[in-house]
Amino acid sequence: MNEADINAMVQGHQVHRDVYVSDAVYRAEMKHLFANTWVFVGHDSQTPKKGDYITTQIGDQPVIQVRHSDDSIHVLYNRCPHKGTKIAIDRSGNTGKFFRCPYHAWSFKTNGCLLAIPLKKGYDGTGLDKTESAKGMKPVGAVKVYRGFVFARLAEDGIGFAEFFGDSLSSLDNLVDRSPEGRVEISGPPLRYMHKCNWKMLVENQTDTCHPMVAHESSAGTAINIYKEMGEPEPRPAAMQIIAPFMSPYEFFEGMGIRTWPNGHGHTGVNMSIHSDYDAIPDYFEAMCNTYGEDRAKEILDENRHNTIYFPNIMVKAPLQQIRNFIPLGPDKTLVESYVYRLVGAPEQLVAMSAMYNRMINAPTSIVGHDDLEMYERAQEGLHSDGLEWVNIQRLYQNDEDYSKEAVENGTTERQMRNQFDAWVRFMTSSMGNEPARAAAE
Amino acid sequence: MADLITRDEVVDFIYEEARMLDEGRFDDWLALWLQDGHYWMPLDYKQQDPVNETSLLWEDYFMLRLRVDRLNGERTFSQKPKSRCHHVIQRPFVDVFEPEEGRFETNTSMHYVETRLDEQQLLALTATHDLRLVDGSLRIANKKVELLNSDAAFGNIQLLP
Numbered sequence: 001m002n003e004a005d006i007n008a009m010v011q012g013h014q015v016h017r018d019v020y021v022s023d024a025v026y027r028a029e030m031k032h033l034f035a036n037t038w039v040f041v042g043h044d045s046q047t048p049k050k051g052d053y054i055t056t057q058i059g060d061q062p063v064i065q066v067r068h069s070d071d072s073i074h075v076l077y078n079r080c081p082h083k084g085t086k087i088a089i090d091r092s093g094n095t096g097k098f099f100r101c102p103y104h105a106w107s108f109k110t111n112g113c114l115l116a117i118p119l120k121k122g123y124d125g126t127g128l129d130k131t132e133s134a135k136g137m138k139p140v141g142a143v144k145v146y147r148g149f150v151f152a153r154l155a156e157d158g159i160g161f162a163e164f165f166g167d168s169l170s171s172l173d174n175l176v177d178r179s180p181e182g183r184v185e186i187s188g189p190p191l192r193y194m195h196k197c198n199w200k201m202l203v204e205n206q207t208d209t210c211h212p213m214v215a216h217e218s219s220a221g222t223a224i225n226i227y228k229e230m231g232e233p234e235p236r237p238a239a240m241q242i243i244a245p246f247m248s249p250y251e252f253f254e255g256m257g258i259r260t261w262p263n264g265h266g267h268t269g270v271n272m273s274i275h276s277d278y279d280a281i282p283d284y285f286e287a288m289c290n291t292y293g294e295d296r297a298k299e300i301l302d303e304n305r306h307n308t309i310y311f312p313n314i315m316v317k318a319p320l321q322q323i324r325n326f327i328p329l330g331p332d333k334t335l336v337e338s339y340v341y342r343l344v345g346a347p348e349q350l351v352a353m354s355a356m357y358n359r360m361i362n363a364p365t366s367i368v369g370h371d372d373l374e375m376y377e378r379a380q381e382g383l384h385s386d387g388l389e390w391v392n393i394q395r396l397y398q399n400d401e402d403y404s405k406e407a408v409e410n411g412t413t414e415r416q417m418r419n420q421f422d423a424w425v426r427f428m429t430s431s432m433g434n435e436p437a438r439a440a441a442e
Numbered sequence: 001m002a003d004l005i006t007r008d009e010v011v012d013f014i015y016e017e018a019r020m021l022d023e024g025r026f027d028d029w030l031a032l033w034l035q036d037g038h039y040w041m042p043l044d045y046k047q048q049d050p051v052n053e054t055s056l057l058w059e060d061y062f063m064l065r066l067r068v069d070r071l072n073g074e075r076t077f078s079q080k081p082k083s084r085c086h087h088v089i090q091r092p093f094v095d096v097f098e099p100e101e102g103r104f105e106t107n108t109s110m111h112y113v114e115t116r117l118d119e120q121q122l123l124a125l126t127a128t129h130d131l132r133l134v135d136g137s138l139r140i141a142n143k144k145v146e147l148l149n150s151d152a153a154f155g156n157i158q159l160l161p
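Protein sequence lines correspond, in order, to chains G and Y.
Using the numbering used here, the letters of the first sequence correspond one by one to residues 1 to 442.
Using the numbering used here, the letters of the second sequence correspond one by one to residues 1 to 161.
A couple of the hints might just be wrong.
[Said to hold, decoys possible] Stretches of chain G that chain Y covers, calculated by requiring three or more beta carbons in the stretch to come under 8 Å of a beta carbon on chain Y: (1) 210 to 223; (2) 364 to 374.
[Claimed, not checked] Under the rule of at most 20 Å between Cα atoms (straight-line distance), these lysine to aspartate or glutamate pairs were calculated in the DMTMM-like manner: (3) K46(Y) to D130(Y); (4) K196(G) to D60(Y); (5) K82(Y) to E374(G); (6) K228(G) to D27(Y); (7) K46(Y) to E119(Y); (8) K80(Y) to E409(G); (9) K82(Y) to E381(G); (10) K49(G) to D23(G); (11) K333(G) to D118(Y); (12) K50(G) to D71(G); (13) K109(G) to D52(G); (14) K80(Y) to E377(G); (15) K228(G) to D60(Y); (16) K196(G) to D27(Y); (17) K46(Y) to D90(G); (18) K80(Y) to D130(Y); (19) K46(Y) to E105(Y); (20) K228(G) to D69(Y); (21) K82(Y) to E217(G); (22) K196(G) to E105(Y); (23) K196(G) to D118(Y); (24) K138(G) to E163(G); (25) K333(G) to D151(Y); (26) K80(Y) to E217(G); (27) K83(G) to D60(G); (28) K80(Y) to D52(G); (29) K228(G) to E74(Y); (30) K333(G) to E119(Y); (31) K82(Y) to E156(G).
By construction, these hints were calculated from the structure, which means they are not laboratory data.
For each residue, glycine too, the CB sits at the ideal point set by N, CA and C.
Input sequences plus hints: build the corresponding full structure.
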């Protein structure tokens, strides 16, 4: 894979199917795209105490997020610098003051620095101290904790956090601002849903507003039919708030609007969204007013962004305090982890609503999830057809689209998918030659 | 005095429910439910709170009916072709047996197999049934299904254990 190969796969209005099915492209993504971009790791409330850690992946790289003795968050490669053994394999735990490899008892401080090696005199005069192994567990290139959310860049050098995300951070801000105390905490483990499809299909689907009324007719349309048969009782069943809006007409989704930001970020629901018509939760607005004043509280709560893509691979749903992490395991295999956060200082009913949305929409047992996964898997298989090698992303395409500028468009545009591929090409190729990334150079 | 229900009848009810699901008689299965019941499938091993943490399922009667109606829908593409399931159940323990109150609770270990196209998955689980006697018939008041590997990553689970 070289720069010319990558460039040839993206033509603005269409992309070559190899971006979804090729093993070589997948390996290049892991080596370049997931190293050069800022990737979601976890939340600081998952590691609240010194020595607390979680294990996860950045692309295909196993990493540990850990709370160090000075309370800072570190992200380390999850491998012993001796023989490569994973240091921790449970999804979360507390390691105390240091990590200890279970194979030969090399031990490391919780910032990764080598602490001790048994029978160390065996290395006297061998030059171990001049090797990478003697430094300890290797940290990733850079870490940023933004309002509790932990992101990392694997590459030592590259684009900065603020420049990479820019104004897209407003969605994460809105998620956290919805807490009267300006703080959220993890609420329980994530749903873990295995998809036999490419990770980018999932990311693209988050801003695909022409599929809900079609693919989800079986769940949302059936819900509406049952509700009508029942005589439309009030209060509405929970599913009528959460699932039924998926059947909204095309005009509704057109009116929602889509905003794109540079570097592949963007969101649906600029003007309103399928989350705008939820029942009010008692005492919440009052708690928000007490903190922010009525005007600011209204401003925060009137922002009902639907799905925000933080390129490359997470979706943030601010009005419901959710993050979905699309973890690539292969060209045709993606693990989706869907998290719910609790708004500190807000009534419990809010986290109950988020948990309900999560299990109704994002679970392997969710009927809405079944609708989507069926389409992804059919696409993953269908793309092997040699009848046509290109995937169309042309809806409301304009020849002169400039993805380096923020834009707000009709809510059914596929501009955000094109925006992602613009970023994809740049961050795939920026470390293939010697030239710096275009975004980093700007 | 009317005849009181026996332990065997409670046990038979659990077998009959599994058979309905295996034979795809979902409307009959739905009719077993009391309308204020919940079907709970925890996400976390030994999870205590079904409401404020995510579960795999915490479904009220509306959701269960939606699930059943959807299975028969014309445009339910994930059920074209349809899934099939198979329960192998161990004889249920009757943990609560209060015939005068019409209250019963069973605990049943089972292996649940679901298949569609070339895929087949096996789940080991424990089902807890909270049953009530209503007008002479046993009904499901609540059901909890604890998967042995509830915290594992799954593909679609489209039918119900």
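How the hints compare with the structure:
1. 210 to 223: holds (count 7)
2. 364 to 374: Answer holds; 8 residues pass the 8 Å Cβ test.
3. K46(Y) to D130(Y): Holds: K46(Y) and D130(Y) sit about 18 Å apart, inside 20 Å.
4. K196(G) to D60(Y): Cα-Cα ~30 Å, so violated.
5. K82(Y) to E374(G): holds (12 Å)
6. K228(G) to D27(Y): At roughly 19 Å apart (the allowed maximum being 20 Å), D27(Y) and K228(G) satisfy the hint.
7. K46(Y) to E119(Y): violated (29 Å)
8. K80(Y) to E409(G): Not OK: K80(Y) and E409(G) at ~36 Å, beyond 20 Å, violated.
9. K82(Y) to E381(G): It holds: about 19 Å lies between the C-alpha atoms, which stays within 20 Å.
10. K49(G) to D23(G): violated (40 Å)
11. K333(G) to D118(Y): holds (17 Å)
12. K50(G) to D71(G): Distance of about 6 Å is within 20 Å: holds.
13. K109(G) to D52(G): Holds, because 13 Å separates the two Cα atoms, which is no more than 20 Å.
14. K80(Y) to E377(G): Holds, at about 13 Å.
15. K228(G) to D60(Y): Within the cut-off at roughly 18 Å; holds.
16. K196(G) to D27(Y): Violated. K196(G) to D27(Y) sits at ~31 Å, over the 20 Å cutoff.
17. K46(Y) to D90(G): holds (17 Å)
18. K80(Y) to D130(Y): violated (33 Å)
19. K46(Y) to E105(Y): With Cα atoms ~18 Å apart, K46(Y) and E105(Y) stay inside 20 Å; holds.
20. K228(G) to D69(Y): holds (14 Å)
21. K82(Y) to E217(G): Holds, at about 17 Å.
22. K196(G) to E105(Y): violated (39 Å)
23. K196(G) to D118(Y): Holds, at roughly 14 Å.
24. K138(G) to E163(G): Between K138(G) and E163(G) the Cα gap is close to 25 Å, so the pair fails against 20 Å, i.e. violated.
25. K333(G) to D151(Y): holds (18 Å)
26. K80(Y) to E217(G): holds (14 Å)
27. K83(G) to D60(G): holds (19 Å)
28. K80(Y) to D52(G): Distance of about 46 Å is beyond 20 Å: violated.
29. K228(G) to E74(Y): holds (18 Å)
30. K333(G) to E119(Y): holds (15 Å)
31. K82(Y) to E156(G): violated (50 Å)
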